[in-house]
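Please model the complete structure; the sequences and the hints are all you need to start from.
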Amino acid sequence: MSYISKVLALVWKDVLSELRTREMLSSMLVFALLVIVIFNFSFDLRVDNVAQVAPGILWVTFAFASTLELTRSLAMEMENDCLDGLFLAPMDRGVIYLGKMLGNLIFITAVEALVLPTFSVLFNLNLIRLPLLLTILLGTIGFAAVGTLLSVIAVNSRAREVMLPVLLFPIILPVVIAAAKVTAGILDGVSLAELAHWLRFLVAFDIIFLVVSYLTFDFVVEG
Amino acid sequence: MIQVQGLVKSYGYTYALRNVDLEARQGQFLTVVGPNGAGKTTLLRILATLLKPTGGLVRINGLDLASRSADIRRHIGFVSHQSLTYPKLTIEENLTFYGKLYDVPAVEERVETLLHLVGLTARRHDPARTLSRGMQQRLSIARAIIHQPSLLLLDEPYTGLDQQAAEMLRQLLQTITTEARTVVMTTHDLQRALDLCDKVAILAKGQIAYQTEDPSLTLEGLRQAYWHHTGGASARGQAKA
Amino acid sequence: MVQDSRIAALLNWLSGLSMIAALYLVFLYAPTEATMGDVQRIFYFHVSSAWVGFFAFFVTLIAGIAHLRAGSRDSDVVALSSVEIGITFTAMAVITGSIWAKATWNAWWPWQQEPRLVLITILLLLYLAYLMLRAFIEGEERKARFAAVYGIVAFASVPFTFMSVRWWQSLHPVIFEREGMNLSPAMLTTFLFCLVAFTLLYFTLLLHRSRLGRLADEAEGLKEELRFREGGSV
Chain H
0 MSYISKVLAL
10 VWKDVLSELR
20 TREMLSSMLV
30 FALLVIVIFN
40 FSFDLRVDNV
50 AQVAPGILWV
60 TFAFASTLEL
70 TRSLAMEMEN
80 DCLDGLFLAP
90 MDRGVIYLGK
100 MLGNLIFITA
110 VEALVLPTFS
120 VLFNLNLIRL
130 PLLLTILLGT
140 IGFAAVGTLL
150 SVIAVNSRAR
160 EVMLPVLLFP
170 IILPVVIAAA
180 KVTAGILDGV
190 SLAELAHWLR
200 FLVAFDIIFL
210 VVSYLTFDFV
220 VEG
Chain F
0 MIQVQGLVKS
10 YGYTYALRNV
20 DLEARQGQFL
30 TVVGPNGAGK
40 TTLLRILATL
50 LKPTGGLVRI
60 NGLDLASRSA
70 DIRRHIGFVS
80 HQSLTYPKLT
90 IEENLTFYGK
100 LYDVPAVEER
110 VETLLHLVGL
120 TARRHDPART
130 LSRGMQQRLS
140 IARAIIHQPS
150 LLLLDEPYTG
160 LDQQAAEMLR
170 QLLQTITTEA
180 RTVVMTTHDL
190 QRALDLCDKV
200 AILAKGQIAY
210 QTEDPSLTLE
220 GLRQAYWHHT
230 GGASARGQAK
240 A
Chain V
0 MVQDSRIAAL
10 LNWLSGLSMI
20 AALYLVFLYA
30 PTEATMGDVQ
40 RIFYFHVSSA
50 WVGFFAFFVT
60 LIAGIAHLRA
70 GSRDSDVVAL
80 SSVEIGITFT
90 AMAVITGSIW
100 AKATWNAWWP
110 WQQEPRLVLI
120 TILLLLYLAY
130 LMLRAFIEGE
140 ERKARFAAVY
150 GIVAFASVPF
160 TFMSVRWWQS
170 LHPVIFEREG
180 MNLSPAMLTT
190 FLFCLVAFTL
200 LYFTLLLHRS
210 RLGRLADEAE
220 GLKEELRFRE
230 GGSV
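Protein chains in written order, with numbering that gives the first Met the number 0: chain H, 0 to 222; chain F, 0 to 240; chain V, 0 to 233.
If a hint is listed, it holds; no wrong ones were tucked in.
Some residues of chain H that are not near chain V, with every Cβ distance over 10 Å (derived):
| no. | residue |
| --- | --- |
| 1 | Val10 |
| 2 | Thr20 |
| 3 | Ser41 |
| 4 | Thr108 |
| 5 | Leu129 |
Chain V stretches covered by chain H per the calculated footprint, using a threshold of three residues with CB under 8 Å from any CB of chain H:
| no. | region |
| --- | --- |
| 6 | 125–133 |
| 7 | 137–150 |
| 8 | 155–164 |
Since the hints were derived computationally from the structure, they do not count as laboratory data. Beta carbons: idealized from backbone N, C-alpha and C, even for Gly.
As structure tokens, then:
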């Protein structure tokens with residue numbers, strides 16, 4: 000189907016671009032590691048504290064790294080007015096939303112995949128567990144779904160760097176709360192059945208905001 | 000091919016275009032001249048479906064802009080001030096990408112043909128950011144015509160080009176303006192405006208002040224008309240002082 | 000215009016009188032609460048302010064949707080007016096809520112015991128984000144459109160925020176909890192009357208602020224016409 004092939008073309012274009020220089024991925028990774036180190040010293044972690052604060056630190060790190068990626072990803076389209084190039088194409092605006100969203104999802108999860116083992120090693124916690132990976136994926140989808148929409152707004156504003164976090168954070172707070180809760184639960188050995196309501200919550204959030212963002216995307220891109 | 004009647008574009012209370020009437024037939028080369036701020040870019044962007052008009056009627060190829068802009072896009076190619084190309088991708092990758100977005104059949108062949116047409120075959124594997132301004136313009140044109148649009152819009156294409164590059168551009172434009180293709184070009188270089196065109200219009204303060212298809216119009220004639228219709232601002236400025 | 004000012008006058012009188020009546024009810028009519036004493040009276044203002052804060056956000060949502068569908072400037076003016084009023088009442092709700100918390104739990108911000116205080120604060124943050132968006136986006140048309148979209152997304156997030164903050168401290172999902180306070184009939188009357196009085200006040204303020212916004216727009220329009228006639232800017 001032409002629609003899907005165009006979405007994939009967009010994603011491929013983003014991945015290819017990034018693979019050339021890896022600027023965005025490397026800066027995200029460095030940033031994430033710095034955040035973890037700063038938290039480490041701020042909280043003066045001792046062994047017994049770690050499991051308690053780890054979920055929070057992890058998700059704050061993911062949230063900040065995500066905003067970095069979302070802003071950069073759209074800034075790449077602003078260079079040379081490439082966004083206009085996308086608008087000129089005879090296709091549904093939704094293609095642009097889905098293409099960028101999937102690209103954002105790929106990049107953010109790529110960095111998360113590198114941060115997670117590092118985090119596990121630094122804090123001596125086993126974070127590579129399937130339920131946790133699933134939660135991280137669900138949470139990231141939430142970030143990417145709303146973040147892609149809001150990044151278009153933010154990139155058109157005068158205070159580009161600070162605009163996205165200001166707009167995004169209050170809205171994704173439920174995701175951070177839910178994801179941190181599940182992460183903490185998994186580390187504490189709580190059964191999945193007891194955490195199920197949080198997971199359902201994340202799925203509901205993802206679905207609703209994918210739909211809302213997809214539908215309102217047209218309005219942030221029209222001339 | 001292009002019908003514009005009573006076009007208005009306003010942002011809140013500032014008017015970029017007030018009541019513009021313009022027409023271009025199939026295959027015509029129309030140049031729109033005017034001072035900075037006259038609304039040339041706005042007009043072109045509206046024709047390119049990048050901006051929505053606030054009022055008035057615009058028809059391209061018989062299709063109404065307000066309701067059929069998605070369909071209109073298939074027939075339009077737009078060359079703007081920016082190149083609209085991705086700096087980290089190669090020339091070939093850029094063109095292939097746009098080819099896919101426009102559902103161009105046999106994309107590879109088409110890209111091959113275009114590279115040859117604009118003289119960039121040798122640089123095909125170079126990232127777009129390594130190109131000079133002149134080459135960027137040629138790449139931009141290749142991008143704009145990849146889907147063989149019947150309407151080509153050019154926003155001040157000669158800006159920033161040296162003599163050599165400008166000459167290459169002129170030759171390229173001559174090649175691609177055919178019977179089947181309508182071209183609308185904006186510029187503030189009056190000589191370039193007359194060269195190649197079938198029709199000239201002067202846009203000043205958001206309105207078409209003058210338009211003609213007279214083939215015997217000279218550069219001097221155009222200059223006089225231009226200063227007559229756009230000199231008003233400075234005259235009024237003097238009166239106020 | 001005459002019709003307009005009649006409605007305005009009516010609302011002015013209604014809200015003025017009802018607010019005075021509300022003050023009477025809260026301070027003189029309602030009985031003193033057994034455990035908390037007079038401090039409890041702040042509850043009436045706190046809940047009413049919070050109610051207006053949420054209601055104003057809802058109005059912004061509706062105005063935003065209307066704006067996206069028809070693009071009229073009026074709907075945008077109403078949306079902005081509602082945000083300005085809403086943010087004021089939400090700020091009041093946060094402050095009164097904090098005082099209430101101090102009186103009830105001896106802490107200005109008891110995260111655990113009062114998730115609703117957190118929720119109201121997040122609402123305040125959403126409002127502030129909305130205003131910041133308007134401040135930093137240039138171009139009237141775009142500003143209004145972006146703000147409308149943000150209003151929709153922000154409103155959609157409120158139920159999720161409500162639920163997640165609610166569930167945050169408890170192990171089992173709780174949707175509705177019974178009020179930890181028993182209201183005597185007199186208190187209930189006062190409470191309901193306050194809600195009505197505050198809502199009336201909201202509508203009065205909305206009407207005035209919207210009118211102000213519309214007049215400012217008209218003034219801008221006239222200035223622009225003048226500028227054009229004098230042959231100045233485009």
